[in-house]
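Colleague: Chain by chain, the residues run as shown.
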Amino acid sequence: MAKTLIVGEIQKGGLREATLELVTLARKLGGEITSLVVGSGVLALAEQLAKKGGGRVLVADDASLANYTSDGHARAIRRAIDTEKPDLVLISNTPSGWDVAGKVAAALDCGIATDVVRIEQDGSDLVFVRRMFNAKFDARLRVSGSPRIATVQPGASEAYTGSEAGSVVELDGVGGDSRTKFVEVRVAPAGGHDLTKAEIIVSGGRGLQKPENFDAVLKPLVEALGAQMGASRPVVDAGWLPHEYQVGSSGQVVSPKLYVAVGISGAIQHLVGMKSSNFIVAINKDPDAPIFEVADVGIVGDLFEIVPALAAAVKSAKGG
Amino acid sequence: MKILVCLKQVPHKDARLELAGDGSWIQDANIKFEINDYDNYALEEALRQKDKDAASEVVVLSIGPDRVQQSLRTALGMGADRAIQIWDDGLAKADSLAIAKTIAAVAKAESCDLVLMGLMSDDTNFAVTGPMLAELLGVPHATGIVSAKLDGGQVEVERELEGGALEVVKLPLPCLLSVQTGMNEVRYASLKGIMQAKKKPLDKKSLGDVGLEAAAVAPKVRIEKIYSPPKGGGAEILTGSKDDIANKFVGKVKELGLL
Ligand SMILES: Cc1cc2nc3c(=O)[nH]c(=O)nc-3n(C[C@H](O)[C@H](O)[C@H](O)COP(=O)(O)OP(=O)(O)OC[C@H]3O[C@@H](n4cnc5c(N)ncnc54)[C@H](O)[C@@H]3O)c2cc1C
Ligand SMILES: Nc1ncnc2c1ncn2[C@@H]1O[C@H](COP(=O)(O)O)[C@@H](O)[C@H]1O
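Going down the list, the protein sequences come from chains E and S. Using this note's numbering, read the first sequence as starting at 23 and increasing by one per residue. Using this note's numbering, read the second sequence as starting at 4 and increasing by one per residue.
Looking at chain E on its own, in the form it has when it is part of the complex (with noise of 0.2 Å):
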């Protein structure tokens, strides 16, 4: 690879983890490394990437950017490539990454892979590895032209642990009008239902099929084993559980002593938040459920048949 672009984000005043994980990515390909730093007073930050392997870091500092835009964090990354015109440019697949990366790809009319997990070098071109189908498939794609962008899921690499000799240059005519306006940030309150405490927890999906089947199916076993109840995405966006049950990469992030997920598919967004629990169970009539290859004990089939007995099993064995 001759040389790689790396899009650095910027959370709560640090350099995110995930950029660090886009210089080990970048390290592997091997070649040139240049990185983009993109805030208000953010050199001390441009720096740190610097030391910690970024190579060339360019710094695209003005009191406009010191917000997430679309626009603005599109001028500086555009303006980076203009200067460094890199072969490959990674950016991060999160809320402003994929924001910004497709509008950047379409301005420059070049081609994109996204939410990559891997990239493998193929004689002088680049195989893109990525989930489709909700993590059911592993897709190879290609691409042609230059450069190539790809948004890299956060976590797919290890974060870059050594110490380089880095150098920062600043960027200049990156400030300038945005035509979204940034408000705020809003925390959403904590819920009366903290589960990142939980011991145990017991959550179910889509597969669950009805708001009812929650109390007639799921509760017996998560009052069974003293567990919390939790929940997958789909089945807060239909209303049959709040907000505070869903667990995953936009709710609760959790690592019980034991997480059994029943009728939960495995889609990324969910094992972000849960797949560093201790133990976990999943219960899944397909057996090529994805959820299956983080799970260390999987049970095959229907849980409307699982469920209860499992329910009773744990019961009986409390002596109660």
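It is possible that some hints are incorrect.
Think about it this way: if two alpha-carbon atoms lie no more than 20 Å apart in a straight line, the pair counts; the simulated SDA-like pairs of lysine to any residue are [what the hints assert, rightly or not]: (1) S:255 to E:330; (2) E:34 to S:166; (3) S:228 to E:156; (4) E:297 to E:221; (5) S:152 to S:171; (6) E:340 to S:166; (7) E:279 to E:339; (8) E:203 to S:176; (9) E:297 to S:165; (10) S:223 to E:201; (11) S:173 to E:199; (12) S:173 to E:201; (13) E:74 to E:53; (14) E:297 to S:167; (15) S:228 to E:164; (16) E:203 to S:84; (17) S:53 to S:91; (18) E:337 to S:166.
Part of the chain E face toward chain S, derived, beta carbon under 7 Å [unchecked claim]: (19) 129; (20) 162; (21) 208; (22) 272; (23) 279; (24) 301.
Derived from the structure by calculation, the hints contain no laboratory data. For every residue, glycine included, the Cβ atom is placed at its ideal position computed from N, Cα and C.
Using the hints, position chain S with the ligands against chain E.
Modeller: Relative to the frame of chain E, chain S with the ligands by itself:
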């Protein structure tokens, strides 16, 4: 106010998916299709605007073979005014940029105040068409919105970030919004709506009809292969009768010291 809603037809959530012979897509000959879930919420949002202001027009658009007409009819039954289907053999291997260029050709001709679409399609999971289309149209955008308040010439939206945080941004019209699931409660088509839908216009257009040549939509991104993910360590699958499985489960919970 004129609103364009982009609807993609994707395999039904409960369809059994099998790989096609050449390994570059799934077998789509004998499965059921439906409107992409995210897009239903986008359509509902457009219809709510029309409920408030009857002078609004809601145009639904889908790029796909003739089977997408059924999804477009469903959307008309729910209350959309007009439907456009675009299909051409030249779009069979279209990548996201080609789809965005094709939609852009229509959207420009229609000159809409608002373009609504899904954040992500449930088959490819690319989640990129919206920002591309916005750039091609020269309008601002916001992705993954969970609320939108129209106020004169601008709209205030909440974008979903991670962990339940929301980012509030304001955009001037015309603009493009991509919608996250759960934004609203999607209506069903009423019987009356379905009857009326039969008389509403559904125009089928080719690439030429929207002023594009095949070369303009030549893909830069190619799906070389899709395949079942290699089985890693995976889970230990509990087998036996229902009671055997239940007892083994209890054994595991005991081993964890939780019983
Ligand atoms: C930006 C973004 C953020 C997201 N955030 C989250 C998040 O925080 N949390 C989250 O969960 N998702 C999130 N999602 C959605 C995610 O992509 C998936 O759509 C979702 O996790 C799927 O939920 P599910 O597994 O319940 O449903 P499905 O994928 O529909 O799976 C249902 C499962 O139930 C099984 N099943 C059906 N009937 C039975 C039966 N009788 N017995 C046994 N098994 C059965 C099926 O085989 C299937 O595997 C997000 C998506 C995006 C794009
Ligand atoms: N073939 C298509 N026809 C109409 N709209 C589409 C099509 N493909 C994608 N879209 C729209 O773009 C959104 C995001 O899709 P994607 O970028 O493919 O994940 C979808 O939710 C649709 O609103």
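Colleague: Run every hint past the structure and note whether it holds.
Modeller: Cross-check of the supplied hints:
1. S:255 to E:330: holds (17 Å)
2. E:34 to S:166: holds (14 Å)
3. S:228 to E:156: Given that 20 Å is the threshold and the Cα spacing comes to 16 Å, the pair holds.
4. E:297 to E:221: holds (15 Å)
5. S:152 to S:171: holds (11 Å)
6. E:340 to S:166: This hinted pair is violated, its Cα atoms lying about 36 Å apart.
7. E:279 to E:339: Status holds; Cα separation ~19 Å.
8. E:203 to S:176: holds (13 Å)
9. E:297 to S:165: This hinted pair holds, its Cα atoms lying about 16 Å apart.
10. S:223 to E:201: violated (29 Å)
11. S:173 to E:199: Given pair residue 173 of chain S, residue 199 of chain E holds - Cα atoms ~13 Å apart, limit 20 Å.
12. S:173 to E:201: With a Cα-Cα distance of about 8 Å, the restraint between residue 173 of chain S and residue 201 of chain E holds, given a limit of 20 Å.
13. E:74 to E:53: holds (16 Å)
14. E:297 to S:167: holds (18 Å)
15. S:228 to E:164: holds (10 Å)
16. E:203 to S:84: violated (32 Å)
17. S:53 to S:91: Roughly 31 Å separates the two Cα atoms, so the pair is violated.
18. E:337 to S:166: violated (34 Å)
19. 129: Nearest chain S Cβ about 5 Å off; hint holds.
20. 162: Cβ of residue 162 of chain E sits 5 Å from chain S, so the hint holds.
21. 208: holds (5 Å)
22. 272: holds (6 Å)
23. 279: Given a least distance of 6 Å, the restraint on residue 279 of chain E holds.
24. 301: holds (6 Å)
Going down the numbered hints, you'll see the structure goes against 6, 10, 16, 17, 18, while the others check out.
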